[in-house]
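Residue numbers (this note's numbering), protein chains in the order written: chain A, 1 to 227; chain B, 1 to 377.
Incorrect hints may appear among the rest.
[Said to hold, decoys possible] Some, not all, of what chain B presents toward chain A, calculated at C-beta under 10 Å: (1) 35; (2) 36; (3) 56.
These are computed hints drawn from the structure, not numbers from a lab.
Glycine included, each C-beta is placed from N, C-alpha and C at the ideal position.
Residues per chain, in single letters:
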Amino acid sequence: MKSEILYPGAFPMVRVYLNEGETVKAESGAMVAASPTIDIESKMEGGFLGALSRKMLSGEKFFFQTLRAGRGAGEVLLAPTVPGEIVLLDLDGVNEYMVQKDGFLAGAEGVKIESKMQSLTRGLLGGEGFFILKIGGTGQLVLNSFGAIHKIDLKPNEEYIVDNSHLVAWTSTTTYNIEKASSGWIASLTSGDGLVCRFRGPGVVYIQSRNPSSFGNWIRQFIPVSE
Amino acid sequence: MNPTPNALCFGDGLPGAGAPCYVTVSADGLTMDPVGNASLGEEAIAFTAMSVQAGGLDHDQLVVSWGEGASARTLYLKDPVLIIAFRRAAPSALMAHLDRAAEQGRRARHSHRVLWGSAVGVVVGLGLLLWFGSDLIVEWAVARIPVQWEQKLGETVYQDFLTKETVLKEGPAVTAVQEMIQRMTVKIPNNPYTFQVSVVQSPVVNAFALPGGYVVVFTGLMKKAESGEEVAGVLSHELNHVLQRHGMERIVRMMGLAAVVSILVGDQQGLLGLARQVGMELATLKFGREQETEADVTGIRLLHDARIAPDGMIRFFERLSEKDKERVELFSTHPMSAARAERLKAELAALPKQTPEPFTFEWNSVQDSLGTSEPKK
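Chain B with its partners taken away, still in its complex shape (with noise of 0.2 Å):
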């Protein structure tokens, strides 16, 4: 009966896949049988002949070659009893070359090991941070984002959403709001944004700014609201989603979740196609509950600088979510609860009294400029 071979034997005229051998361990080398193949007859191999490396897929094979041309041979030992049984038999010149391949071996597991264990802490990590301390991480990196990038993204989307709109060139709404505009970005210190703004006809309620300053309202919203102070409001809203970045934060952390997920399931053409997707998330964008309070907080403030009404926001949102909840779409990106309202009169009531400032324009003339005061229903 033929052994069981326990190892392979490589070489011209073998098998591609190796021909199975036995192979035994003497003092002086190696011999080899093999198992059911008459081509190749029993060898025996000096160690003095051989030379001796670590190999296979995994550097956990002996690899031990001889003989040139075409007699040529390689033998590929992965039997740990056979691979200790030739370590000890094996002379301690050979013992170099094999301690080396053994160093190899370790080494390249060593590595494979470590490699994988930072990589498995490395994406567990950025995801328990995305996870419990995303807000300043998020916060650290858009503060490294330049703002030409932001406005190059916004005004993108803001070009793509004009031109499948009717925008409104010029007349009494339009310079309504950007006196509104006008007279708030002067009081913003440092602004790093020059704020465009359009006015959309369309009988939505609502109102947006992208990343990068650019503003869209709708003339749905200037319809509904009964004062320039109202929209002033919205307005100031926006405008502070814009200066406190918060659009890029939501950015950032949709790419940085989608990222470290598209790691963890190694899918590499997914992260490609992730920045293009978010762009289109931009129009969407919905905030979080913190920086709708911070929006709301430092809109206040601002509407205070600029010596506008800023009771007009709250009047608005008050006024509308006891009529028409459903039919308002701002209601769906700005939730107004009563918490909510609670907290901008507090903030209201803690800023020092002053005499507004009225707009030069009169309201009502600005809303007949619209059409009909009240959209299709």
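The following block holds chain A by itself, in its conformation from the complex (with noise of 0.2 Å):
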């Protein structure tokens, strides 16, 4: 599997390589087109069960699509839902990620995704629910994000603040607490934005440059109330 981005910028594309017998895995609707060598196969990830607990505890969908060059080489392409960019990302069996789970776009065979279960403070604190993708496994990780993709780099111990809703992915290596930004709590949670991730490397963290809820109230106000 071969991927390239199309379009860079907003409106993205992902066009994936397939060698013959080769597969992608992508976020379900995710396809755009395909050459007619491409098989699309809905697979549940890690079997009913795993699927299922992924739907419920993360809100990631239910089936991935599987798309497998079954009669000869081909191409797919790939287009995240929101307008933002994507980033792409080698994964070599030892380094892993924690994807907020709108992030996932498609991945490689090889390349494993589970649900995992954060911390009670970071699961009721951190705005990305109890529940990450942890990506692991060897090939190319697609990752989109809402809004442009802003990559971190910390060296050992090194510390960065991050508004919580803007979180992407971040690296297993890095570790990171809750903390309020401003100075009560009351003014943290009525703020809006109080709440905010201090990361320590080593790792990279990805975050994306707009929030995407703060977009949907700044929407709401446009959207017509049917009587």
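The task is to assemble the complex, starting from two chains supplied on their own in separate frames and drawing on the hints.
Written as structure tokens, this is what we have:
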């Protein structure tokens, strides 16, 4: 599998080349177009229970699409639902990424995806929910974001503070704590962006330049209310 | 062919996500072979030169650091096989570090599990308690809410409500209702509430009492009643909702369930909105069947104590339910079933007989002061 990003920026697509027999896992509904040699299978990653738990717990789609180049090499075009950048990561078997539930777009056959329960405080306050995706294995991983993707490199023990709704993914060597940004808890909860994550290196944190829930709140005022 | 990497190396000049490398354990240290990274050469690190700790998001990785300044390197080992091999080979001086690291990891995982377990236990327990033993808990909680809070809450809603309605300031109707309340309240032992009553101009056949003792009677109800005793019956029932703090019980129950639900779904913003929302519910409070029965029974007793003919309420309900069930709003919150009427009658029969004292007002003239005796159809 080989991928390239087309139209980088707000409305990108990914072109994935598959050799005969190769497959790519994609978020269901992500396929835009494909060569006639590509077959689409809906497969429940991790079996029915795994898929069910992923659906119920992390809000991720129940099925992944598996696109298989069964009858010869071909290409697939994939696109995320929201406007925003795409990033390609190479997994080599040692590095692992924690990915917030909307961040996964596609992954090579060797990429392993599981739902992971976060600790209580992280789940309650982190804004990512109790469950996030833990993605490891080998091969290319495609993540999407809302807005532009920004990469933060952290050296050992280097710290960085991120508003939790801007998180896309982070490596599992990175630890983080939830903190409040303002001085009081009440102020934190009412001001909207009061909770932040303090990341500590080594590792990489990917953040998105737009906040989906803020955007949702903003756009809601323009939606006509039906009587 | 390159070996499969089994560790990540961090340091100056290396990729932020870590340089994949292949680590092997020997008798006196580690050998690190960077996979596919030309800028990093193979390096052997003696056990004596390194420090060890647990790390990573879940405290399940072994972190090996050595060197200083620009040549400082940190290695993250995740492979359990590699970690075990390392533990076997490492000298006991380092083992102390290692054991501490392992202990840290175990403790972190343990506290993680305990935290989750107790959180789930608390939430499930709360849910079960609220579901099954809710009455006891709610009563316990309500008993701890100061009457002043209740009054403040009730007063806010009361004033809100009254500004939207036409309130009768004076006249025979107001005097009559005040007399009823007065007759009853002096008979309430240890009454912590100061009852306030307003007569509101409205064809709605209803009356309600807010927590804290704020009573509203609609003129529609007074026009429908054939005697003052009938109105007093309804008022006595409403007063007893207040005295038994039924409104607070409903609020606490609503808050409690919703609080558990919002904890379950991890929605902390919801909790905040909740308190405000519940205030809105006050005016449209619907009581449970047990609360209605309790208010019925204590209401009849209160009427009896106040020497007001206690069958007025039953008569009023029975008379109205035959005629116009749909139009009387009172029935939406006080459905009058045959069983309920029977229970009221039985309760009435059990009370000692006495001669009721009539009210000082003429009911007919009270009704006349309200205008036409039939509300607009």
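Query - Interface hint status, residue 36 of chain B versus chain A (Cβ within 10 Å) - result: Hint on residue 36 of chain B: holds, closest Cβ of chain A at ~8 Å, below 10 Å.
Query raised in the report: Does the interface hint hold: is residue 56 of chain B within less than 10 Å of chain A, judged Cβ to Cβ?
Result: Hint on residue 56 of chain B: holds, closest Cβ of chain A at ~5 Å, below 10 Å.
Query - Restraint outcome when residue 35 of chain B is required to lie within 10 Å of chain A by C-beta distance - result: For residue 35 of chain B, the interface hint holds, since the closest Cβ of chain A sits about 7 Å away, which is under 10 Å.
Consistency with the previously given hints is maintained throughout, with no hint failing.
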